[in-house]
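Hey, can you work out the whole structure from these sequences and the hints?
Everything in the sequence shown is counted per our numbering, starting at 1 for the first residue and increasing by one.
It is worth saying that the hints were derived from the structure and are not from the lab. Among the clues, some could well be false.
Unchecked claim - Pairs of lysine to any residue, SDA-like flavour, derived with a Cα cap of 20 Å:
| hint | residue 1 | residue 2 |
| --- | --- | --- |
| 1 | Lys-131 | Glu-56 |
| 2 | Lys-83 | Lys-131 |
| 3 | Lys-131 | Asn-31 |
As the list claims (entries may be wrong) - Quick list of the computed label-pair ranges, beta carbon to beta carbon:
| hint | residue 1 | residue 2 | range |
| --- | --- | --- | --- |
| 4 | Ala-116 | Thr-211 | 33 to 41 Å |
| 5 | Arg-69 | Asp-42 | 48 to 56 Å |
| 6 | Lys-115 | Glu-77 | 30 to 38 Å |
| 7 | Ala-116 | Ile-55 | 20 to 28 Å |
| 8 | Tyr-97 | Pro-283 | 15 to 23 Å |
Quick reminder that beta carbons are idealized off the backbone N, C-alpha and C, glycines included.
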Amino acid sequence: MRALQQAFIIAPRMLIMARQERVHIITAGENSFPAFAAALRDNPDISHTFVVADIELYTNREQDAGAVRAGKESAREAVEKVKSLAGSLKIPVALVYVTPPADSSAREVILKIRKAHPDARFSFDLSGGSKEMCLALFTLSLWVQGDAYFAFADRMEASAGAKLAVPKIAAETVAANPNYLKILQTLYNTPGKQDHPLRVVPRSYLFNQLTAAYISLRKKGVKVAPNTMGKTNLYTGKKAIMHSLSQGTCSSFLNTLVGLDLIQELPEGSVSNKKEKYYAITPSGALALQLAEIKSPKRE
Numbered sequence: 001m002r003a004l005q006q007a008f009i010i011a012p013r014m015l016i017m018a019r020q021e022r023v024h025i026i027t028a029g030e031n032s033f034p035a036f037a038a039a040l041r042d043n044p045d046i047s048h049t050f051v052v053a054d055i056e057l058y059t060n061r062e063q064d065a066g067a068v069r070a071g072k073e074s075a076r077e078a079v080e081k082v083k084s085l086a087g088s089l090k091i092p093v094a095l096v097y098v099t100p101p102a103d104s105s106a107r108e109v110i111l112k113i114r115k116a117h118p119d120a121r122f123s124f125d126l127s128g129g130s131k132e133m134c135l136a137l138f139t140l141s142l143w144v145q146g147d148a149y150f151a152f153a154d155r156m157e158a159s160a161g162a163k164l165a166v167p168k169i170a171a172e173t174v175a176a177n178p179n180y181l182k183i184l185q186t187l188y189n190t191p192g193k194q195d196h197p198l199r200v201v202p203r204s205y206l207f208n209q210l211t212a213a214y215i216s217l218r219k220k221g222v223k224v225a226p227n228t229m230g231k232t233n234l235y236t237g238k239k240a241i242m243h244s245l246s247q248g249t250c251s252s253f254l255n256t257l258v259g260l261d262l263i264q265e266l267p268e269g270s271v272s273n274k275k276e277k278y279y280a281i282t283p284s285g286a287l288a289l290q291l292a293e294i295k296s297p298k299r300e
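Printed below as a string of structure tokens:
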């Protein structure tokens, strides 16, 4: 009987451990605590919490006016309340900082969190912090397919609209196509032309790089190319079957990635070949690649 009672006690704990992690991102501000309390009420499965704060919030300046100083103190108190409530519920909570420029700094924060929790679901509460930080985190929430919440929206000041770099494809979809990954990796890792702010490479170079690694996703009607380099299959150790890449298929891949704003086409023909096209990876493409390359831990 006692063993049966213990089984009933242990079983719920095992079920809880098996649940998918839910990472909740909060922007630090005066309204952080009531927003967090509401999030816990509506999402009781939150397993980890990260409070993202502008570094300015924790910087005391002599020139801060009374209202500014009071606002910072109020926001910090709200963050401490969030940490206290999370601690009482045994939810791990961490305070991380975003420094200017907010878009690149916030990106690094989310990448680190995603690497630590690759299988987690994400939610974002953008109720506090600067406009720049909230916009950056909102864009990132779309990339990781997280739910974004805006509480107390009536307090925000009216301002000109800003165009968000909304991703047109999920990182998981990019990862599912090895040919997309190869193109993005080539553009991301190749130094490119000298004296150019972007890593720009010619289409002919991309074609040659992709030809060596091309994998057809079709099951039938796939043309086979000679395996002149003696490549072997990673799993069987036998001589690998090389798929034949056509110029048309390569163009299709490139046009798709351009349409998804993951790469950009730059018609900068050289003197010897004025028809040559050049390509460069976009910030969205770099982020998609980094997210796609995050590997989930092996399960035993």
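We went through each hint and held it up to the structure:
Taken as a hint, the Lys-131 and Glu-56 pair is honoured in the structure, with Cα atoms around 13 Å apart against an allowance of 20 Å. This hinted pair does not check out: Lys-83 and Lys-131 have alpha carbons roughly 23 Å apart, beyond 20 Å. Restraint check for Lys-131 and Asn-31: the C-alpha separation of about 15 Å stays at or below 20 Å, so the hint holds. The supplied range of 33 to 41 Å is met by Ala-116 and Thr-211, whose beta-carbon atoms lie about 37 Å from each other.
At about 33 Å, the CB distance of Arg-69 to Asp-42 disagrees with the hint of 48 to 56 Å. Judged by the Cβ atoms, the range 30 to 38 Å given for Lys-115 and Glu-77 holds: they are separated by roughly 31 Å. For the pair Ala-116 and Ile-55, the supplied restraint of 20 to 28 Å holds, since their beta-carbon distance comes to about 21 Å. At roughly 21 Å, the beta carbons of Tyr-97 and Pro-283 sit within the given window of 15 to 23 Å.
The structure fails to meet hints 2, 5 from the earlier list, while all remaining hints are met.
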